[in-house]
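S.K.: Fit chain U to the given chain F structure using the hints.
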Amino acid sequence: MARVTDERTYYTIPIGPTHPSLKEPLQFAFDLEGERVVDVEIKPGWNHRGVEVLGMKRNPLQTLYLAERICGICSVSHLIAFSRAVENALGIPVPPRAEYIRVIIAELERIHSHILWAGVAAHELGFDTLLHLTWRVREQVMDILELLTGNRVNYALVTIGGVRRDITKEQEPLVRQALRYYKDLLEMLVDAFLHDPTIELRTRDVGVLSYKDALELMAVGPTARASGVKKDIRVDQPYLAYPALELSPITPDLFRPEIHGDVYDKIIVRLLEIEQAIGLIEQALAKMPEGEIGHATKEEMTELLVQIKEREGEGIGRHEAPRGELFHYIRFQADSEIPILWKVKCPTYSNLMSYRPMFQGAQIADIPIIIACIDPCIACMDRVIVRRDGREEVWTAEQLLAKSWEKTRRLKG
Amino acid sequence: MEPKGLVESFQARFGQKIRAVRIDEIRSNLGIYSYPVIWFEIDREVLHDAVAHLISFQFPHLATISGRDLGKEIELTYHFSIGYGQRRGEQSVNFRLRVPKADPRVRSICDLVPGALTAEREKIEFLGVQFEGIPDSRNIFLPYGMKEHPWRKDETGVKGAWLE
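Protein sequences, first through last, are from chains F and U.
Note that my numbering has the first sequence beginning at 1, numbered continuously upward.
Note that my numbering has the second sequence beginning at 414, numbered continuously upward.
Derived by calculation from the structure, the hints in this document are not laboratory data.
Given the structure is predicted, the values throughout are model-derived calculations rather than measurements.
We put the CB at the ideal spot given by N, CA and C, even for glycine.
Certain hints may be false.
[Stated by the list, open to error] To give an idea of the chain U side of the interface with chain F (calculated C-beta under 8 Å), a few residues: (1) I439; (2) L443; (3) Y448; (4) F472; (5) L475; (6) H492; (7) Q499; (8) L530.
[Unchecked claim] When the alpha-carbon atoms are kept at most 25 Å apart in a straight line, the in silico SDA-like pairs for lysine to any residue are as follows: (9) F/K230 to U/I445; (10) U/K485 to F/Q333; (11) F/K57 to U/I445; (12) F/K403 to F/H195; (13) U/K485 to F/L341; (14) F/K212 to U/H461; (15) U/K485 to F/K212; (16) F/K230 to U/E438; (17) U/K572 to F/W46; (18) F/K212 to U/G546; (19) U/K560 to F/K287; (20) F/K212 to U/I445; (21) F/K212 to U/I468; (22) F/K57 to U/K485; (23) F/K287 to U/G502; (24) U/K566 to F/A334.
[Stated by the list, open to error] Every beta carbon over 12 Å from chain F, so not counted as near; a handful from chain U, in silico: (25) E421; (26) S422; (27) Q424; (28) R426; (29) F427; (30) R440; (31) R457; (32) D462; (33) R518; (34) E535; (35) Q543; (36) G546; (37) R551.
With the rest of the complex left out, here is chain F:
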């Protein structure tokens, strides 16, 4: 697989691990034959922070704040998966109303994450007007998240055994209004992304992941579904309030006759999932019962901590995050509130191996959009190493983007 040896280490990091927008910088080393990518070598871990070890030194109520900060974009996803792991391990019940509120926030997060991704994809292809348009319309859902939780990111809403804030009667009409806004907008987004001849030329049959590869390489989320692998935890093993809601996995054949597993299919899946998320929030608002939302008083919190300390057990918390399966595993021993094991697995960890078949045979100009197409948890690609004729060159993100944009311009004529 690799032509990189243990002795060869890359330290050419122009932006580096402390760049505020990066959670997990990735390094790609491409083997080229002319303009074609023959193979790719991927090295993650440039910003591995050992979060799991930190979580094994704290009680779960303290770790909530740490878990939420593993990722900024899918911050509620980590809290849902982490809280479910603890609740499943120790048998802590959650009031039904809180389960509905969790679904509403999780689906709002899916809307903002998918729109954010659509903007990034447009930028990689050289459609900056579309980037600015999508990020402009994303503000509406950010405002709603701020209204409901008090913050645009890191909402601190979900806690063990429930949620910390209720959705009031006054807030509901504003959420519905935002949903109507996105419903009206969807047609325009679908038209801009899926009926644009240049975007079609740039994304059809590019970055193809076959059904077999997606299945065997453990792809998750939209990356898997775009290749026809119907994995969606909300349907397969429903949790929160999902068992009471109507939904089925989104695959590209809902939009076009055949599944190709290319970048175009990944755009289809994400855009249709925005529509699905709107529907799920509407259902949740309609079905949400009145009642408790979780532990509210100091006495109740103390009681919860005592339960965590006294009980023992192990539990898995899985959540269908915007990018795919998010997995938390936690294990407690009796007489200690500090877990003896905490393992976090994010969607990009699972999708990493799918990059290789997607890149093989691609052009250099397609590298940016293929990197973006799995919606990796790294927002920007700050360096790429290219090996051609035995020589090694480092390409910056700007050089690669320029190449991608040049290809779009060429195709537009």
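M.R.: Using the frame of chain F, we list chain U on its own:
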């Protein structure tokens, strides 16, 4: 497939090599649904065959492998699930096994489940487990050439300054 039937099928195939089994029923807080989570404790030599047996039901999904240092041994848990693609059909199947630190070998499952490579490479670097037959055993999240195993609690683990 019903979890009980699945467990019986494994017990019939592997007998005493399956040391313990537990089925957790995770109930929805809405009270309308529950799903099974199966925990197998197995001998390390049957892991490869157990995964092959699981594949005979459906090609499984592997979330990850978790692991911890028990002192003289290392414990690994493979978190699989089968039944995806079917509404309310998915059940979690976990295989737990122990390897002695003096001989931390376990057979790689990458020939059966190619997507297990990332999880196995992570266990090599973080816990010092050796996977026999793994196609690529280099570090993945840690720098190439780093010899310490951060999840080990013995002298091969990382020292104070790393954890501050």
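S.K.: Each of the hints needs a verdict: does it hold here or not?
M.R.: So, going through the hints one by one against the coordinates:
1. Given hint, U/I439 at the interface with chain F, holds; its Cβ is 6 Å from that chain's nearest Cβ, closer than 8 Å.
2. Because the closest C-beta pair between U/L443 and chain F is about 5 Å apart, less than 8 Å, the hint holds.
3. Because the smallest distance between the Cβ of U/Y448 and any Cβ of chain F comes to about 5 Å, under 8 Å, the interface hint for this residue holds.
4. Contact between U/F472 and chain F, as hinted, is supported at the beta carbon level, the nearest pair being about 6 Å apart and thus within 8 Å.
5. Checking U/L475 against chain F by beta carbon gives a least distance of about 6 Å; that is within 8 Å, so the hint holds.
6. A hinted interface residue such as U/H492 counts as satisfied when its beta carbon comes closer than 8 Å to some beta carbon of chain F; here the least separation is about 7 Å, so the hint holds.
7. Hint status for U/Q499: holds, given a least beta-carbon distance of 7 Å to chain F, under 8 Å.
8. A distance limit of 8 Å between C-beta atoms decides the matter here; for U/L530 the minimum to chain F is near 6 Å, and the interface restraint holds.
9. Note on F/K230 and U/I445: the hinted pairing holds, with a Cα-Cα distance of about 23 Å set against a maximum of 25 Å.
10. Straight-line distance between C-alpha atoms of U/K485 and F/Q333 comes to about 19 Å, which keeps the hinted pair within the 25 Å bound.
11. Note on F/K57 and U/I445: the hinted pairing is violated, with a Cα-Cα distance of about 36 Å set against a maximum of 25 Å.
12. Taking the CA atoms of F/K403 and F/H195, the gap is near 23 Å; set against the 25 Å cutoff, the hint holds.
13. Distance restraint check for U/K485 and F/L341: the Cα-Cα separation of roughly 17 Å lies within the 25 Å cut-off, and the hinted pair is therefore satisfied.
14. Between F/K212 and U/H461, the direct Cα distance comes to roughly 21 Å. Compliance with the 25 Å bound is thereby established for this hinted pair.
15. Proposed proximity of U/K485 and F/K212 is contradicted: the alpha carbons are some 40 Å apart, above 25 Å.
16. Taking the CA atoms of F/K230 and U/E438, the gap is about 24 Å. The hint holds against a cut of 25 Å.
17. With a CA separation close to 20 Å, the supplied pair U/K572 and F/W46 stays within the 25 Å bound.
18. Restraint check for F/K212 and U/G546: the C-alpha separation of about 22 Å stays at or below 25 Å, so the hint holds.
19. For the suggested pair U/K560 and F/K287, the alpha carbons sit about 54 Å apart, so the restraint of at most 25 Å is broken.
20. Taking the CA atoms of F/K212 and U/I445, the gap is about 34 Å. The hint is violated against a cut of 25 Å.
21. With a C-alpha separation of about 14 Å, the suggested pair F/K212 and U/I468 falls inside the 25 Å cut-off, and the hint holds.
22. Our distance criterion of 25 Å between C-alpha atoms is met by F/K57 and U/K485, whose separation comes to about 22 Å.
23. Straight-line distance between C-alpha atoms of F/K287 and U/G502 comes to about 24 Å, which keeps the hinted pair within the 25 Å bound.
24. Between U/K566 and F/A334 the alpha-carbon distance is near 21 Å, which keeps this suggested pair within the 25 Å criterion.
25. With a least CB separation of 22 Å from chain F, U/E421 remains clear of the 12 Å interface cut-off, as annotated.
26. Every CB of chain F is more than 12 Å from the CB of U/S422 (nearest about 21 Å), matching its label as outside the interface.
27. No beta-carbon of chain F comes within 12 Å of the beta-carbon of U/Q424; the shortest separation is about 21 Å.
28. No beta-carbon of chain F comes within 12 Å of the beta-carbon of U/R426; the shortest separation is about 23 Å.
29. The Cβ of U/F427 sits about 22 Å from the closest Cβ of chain F, beyond the 12 Å cut-off, so the non-interface label holds.
30. Its beta-carbon lying about 9 Å from the closest one in chain F, U/R440 breaks the requirement of being farther than 12 Å from that chain.
31. Once the 12 Å rule is applied to beta carbons, U/R457 is consistent with being away from chain F; the minimum gap is 19 Å.
32. U/D462, annotated as away from the interface, keeps every beta carbon of chain F farther than 12 Å; the closest lies near 19 Å.
33. Distance to chain F confirms U/R518 as a non-interface residue, since its nearest Cβ pair spans about 21 Å, more than 12 Å.
34. A beta-carbon of chain F comes within 12 Å of the beta-carbon of U/E535; the shortest separation is about 8 Å.
35. Residue-level check passed: U/Q543 sits 16 Å from the nearest beta carbon of chain F, beyond 12 Å.
36. Listed as a non-interface residue, U/G546 keeps its Cβ farther than 12 Å from every Cβ of chain F; the least gap is roughly 14 Å.
37. The non-interface label for U/R551 is inconsistent with chain F: the shortest C-beta to C-beta separation is roughly 6 Å, within 12 Å.
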